[in-house]
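A.B. asks: Residues per chain, in single letters:
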Amino acid sequence: MLALTDSRLLARVQTGDDRAFALLFQRHYDRVYGILFRLVGTRAEAEDLAQEVFLRLYQQRFSRRREHNVGAWLYRVATNQGYNALRSRQRRWRRETALLPDATDAEPAPAEAAAQAETRAAVRAALARLPKRDVQLLLLRQIGLSYAELADVCGVAPGSVGTLLRRASDAFRRAYEREER
Amino acid sequence: MTHDPDEDVLQKLGALAPGEDEQPRTAAAWRTFQTRRDRSAEQPLTWRFSAMLKRRVVVTVGLLLLIVAAFSLPPVRAAASDFLGLFRVQKFAPISVSPEQVALLDQIAEQGLHPGSLIMTDEPGESQTVASIADAEALLGFRPRQIPALGEPTTIEVQSGGSGRLIVDLEQLRAIMGTAGVDPMLLPDSLEGAEINAVLHPGTVLTWADGTTLMQTRSPELDYPDDVDPVVIGEALLQALGMSDDEARRLSRAIDWNNTLVLPVPANLASFSEVVVHGTTGLALSSVEGYGNAILWQSGDYLYLLTGDGSIEELLALADRME
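Heads up: the sequence lines are chains A and B, in that order. Under the numbering used here, think of the first position of the first sequence as 73, with each following residue one higher. Under the numbering used here, think of the first position of the second sequence as 78, with each following residue one higher.
Treat the hints as calculated values from the structure; they're not laboratory data. The C-beta atom is built at its ideal place from N, Cα and C for all residues, glycine as well. One or more of the hints may lead you astray.
[Unchecked claim] Simulated DEER-style distance windows between Cβ atoms:
(1) A/131 <-> B/108: 17 to 25 Å
(2) A/183 <-> B/324: 54 to 62 Å
(3) B/222 <-> A/220: 50 to 58 Å
(4) A/98 <-> B/175: 23 to 31 Å
(5) A/182 <-> B/265: 48 to 56 Å
[Unchecked claim] Short derived list, chain B residues pointing at chain A, Cβ under 10 Å:
(6) 93
(7) 109
(8) 180
(9) 185
(10) 357
Same shape as in the complex, but just chain A (with noise of 0.2 Å):
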C-alpha cells in the first residue's frame, strides 16, 4: 500500500480504511509541521496547527474528490492556518514582530541558541514585510517543494512560478538588509 498514490490512499479513506489516512499522515505530516514551524516558530504551536490540518482532511475526506491533490491542499492549508495565527498574534504584537516566535514559548538558549535566535528573529521580520504569496513561495521552495507543486498550493500558472520565486527572492533580500541596517 506504499507506493498507492495519496488520490488512491484517499479513495480508501473513504472506504473506511484506517490505516490508508495512517500512510497519509505518516507521508506529508513532516512537510505540514515544517511549514508551520517555520511559520511560527514555536515546536508546540507548529504541532498543534498540524494536528488542526489533519483533522480538517479527515473531516472532510467524503467531500474531496479523489483526483484531488492532496499534498498541495494540506500544505495550502498548513500555509493558511499558520498565518491566522500569526494574524492572532498580530493583535498583541506590533505589525514589525509579527513573525517573531512567542516569547513565552521560547526556550531558554545558550550562546550559540541565541545567535541562532537572533538570526531567526532577522529572517522573520523580513518575512513580515513581504506579501503572503512571497512568502508562501519562498519557504514552500525551501523546503522542497517542486514548481508543480508550488503552482499547486499557490494558485498560480506554473510558468510563472520561476518569475515569482525570482521577484519574491529579490524582495526578501532588500527586506534582509534593512533589518541588518
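Chain A is already provided as a structure; the job is to place chain B on it using the hints.
C.D. replies: Frame of chain A; chain B shown alone:
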C-alpha cells in the same frame, strides 16, 4: 534558465528550519491525532443535505455582511443616518465555488476573522420547538405556510430574529480578502470605520416525517449608503468565491446588487439550475452525492427553502400545494 531563489536567500530561510531538538515527532503526532479524531464530533456518513444548506445560508449571510460592509461610508456619514440603500432579496445568483475555495472560506470563518466589530443590538435567541402552527405564528408575527399534502409537521421550530451593527475594520477586511485570494486594494480606503445595520427576521423550520423540511423567513435587510460603486465591491466578493478577475468584473456588472442574493454553491456538493416557483424565478439545488434536493425561492417579502429526498419536480409540486 533557472529562477530559483539565490543560494544566499535559501540559506537565510534555512535558519527557520526546525533544529535538532525541534524535529517532527511523527509517531507521537499520529497517536495524538487518533485521540483527537476520536474525541471530535464525527460528521455522520449520511450527511444531511439540508444541514449543508443551512450552513451555506450562514456562510452566505457572512459573505453578504462582507459585501454590504464594503458598501458603507465613513462613520461621519453613517452617524448622520444618511442611508440611501436598502438590500432585500428578490433574486438569486448562484455561484459555483470550488472545493478548495470553500475550504479557504470555511477556514476564514472558523478562524473567527471578522470584517470589523459586530455590535448586536438585538441578540438572536436559541431556536425553540413549539407545539403548533398557532404557537409559531404568535412568535413569528406571521402565519407559516404549510404543505397539507404531507400532513401535520412532526417538528415546528422557531428562530427569533436579531439585529446588529457592523463597524468595518478595513485592515481586517482586506486581510480576509487577501486570504481568499483577492487583491485587498480593491476595497476603497473610505470603508475604514464604516458602519452598517442588519436586521434578521424571525424564521421557522417545519419538518415532516419523510424528512421534508420547509424553512421560511422574511428577507434579511441591510441598510447601507449608496455612493460607493457596488460593482467594484461585488467584483471583490466574486473573486473571493474563486472567479477570475475578468469573470468577476463581467458578472458584477450584470448583477443588481440591491436585491440579488449571491449564493455560493460548492461544486463538489451540489449542482444548481433555475426553476419557476409560484411564478417567480427560484433556484433548484441537487446534492451530487445523492443526499437530496432543494428549491429556494422568494415570494412577497419572504424567502422559502424546501428540502427533501424527492426529485426537484416533486419538490416543485409540493411548493405549488403550499397553503
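A.B. asks: Work down the list of hints and note, for each, if the structure agrees.
C.D. replies: Cross-check of the supplied hints:
Restraint check, residue 131 of chain A to residue 108 of chain B: a C-beta distance of roughly 19 Å satisfies the suggested window 17 to 25 Å. Between residue 183 of chain A and residue 324 of chain B the Cβ separation comes to about 56 Å, which falls inside the hinted range of 54 to 62 Å. The hinted window of 50 to 58 Å between residue 222 of chain B and residue 220 of chain A holds, with their beta carbons roughly 54 Å apart. Our hint of 23 to 31 Å for residue 98 of chain A and residue 175 of chain B holds, since their Cβ atoms are close to 28 Å apart.
The hinted range of 48 to 56 Å is satisfied by residue 182 of chain A and residue 265 of chain B, whose Cβ atoms lie roughly 51 Å apart. Taking 10 Å as the C-beta cut-off, the interface hint given for residue 93 of chain B holds, the closest approach to chain A being about 4 Å. Interface restraint check for residue 109 of chain B: the shortest CB-CB distance to chain A comes to about 6 Å, inside 10 Å, so the restraint holds. The interface hint given for residue 180 of chain B is met, as the beta carbon of that residue sits about 7 Å from the closest beta carbon of chain A, less than 10 Å.
With a least beta-carbon distance of about 8 Å to chain A, the hint placing residue 185 of chain B at the interface is held under the 10 Å criterion. Annotation: residue 357 of chain B was flagged as interfacial toward chain A, and the flag is violated, the nearest CB pair being 31 Å apart, outside 10 Å.
Of the numbered hints listed earlier, the single one contradicted by the structure is hint 10.
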